Amino acid sequence: MKMTRNFHLNQITVCFGPVRVVVPCGNGEMLVRELVHESIRRYKKASGKNADSWVVVHHLQSQSGILDPDDKLNDVA
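All residue numbers for the sequence shown refer to the UniProt record's numbering, where the first residue is 1 and numbers rise by one.
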């Protein structure tokens, strides 16, 4: 799962292979862990998967490397 941030719109694009989902990140106080949960929810919806289906995220990566789930987005993105 890779991400890019659009600072002007306060949103992050998260890529699950060829599927990309956009997640609003507000003021950036959201934790990476919360971004992962919201990204998975949006990915399931966008790809037509059942809400109960499993999606495993091995790591979240930005241009600078793998992100820690406990970090705030405004500190790492």
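Keep in mind the hints are simulated off the structure, nothing from the lab.
Bear in mind the structure is a predicted one, so any value in this text is a computation, not a measurement.
From the three backbone atoms N, C-alpha and C, an ideal C-beta is built for every residue, glycine too.
Wrong hints could be hidden among the right ones.
[As the list claims (entries may be wrong)] Think about it this way: if two alpha-carbon atoms lie no more than 30 Å apart in a straight line, the pair counts; the simulated DSS-like pairs of lysine-lysine are:
| # | residue 1 | residue 2 |
| --- | --- | --- |
| 1 | Lys-45 | Lys-72 |
| 2 | Lys-72 | Lys-49 |
| 3 | Lys-72 | Lys-44 |
[Stated by the list, open to error] Distance ranges between label pairs, derived from CB positions:
| # | residue 1 | residue 2 | range |
| --- | --- | --- | --- |
| 4 | Asp-75 | Ser-47 | 28 to 34 Å |
| 5 | Asn-10 | Asn-50 | 16 to 22 Å |
| 6 | Lys-72 | Asp-52 | 27 to 33 Å |
Can you give the numbers of the hints that this structure goes against, from lowest to highest? 5
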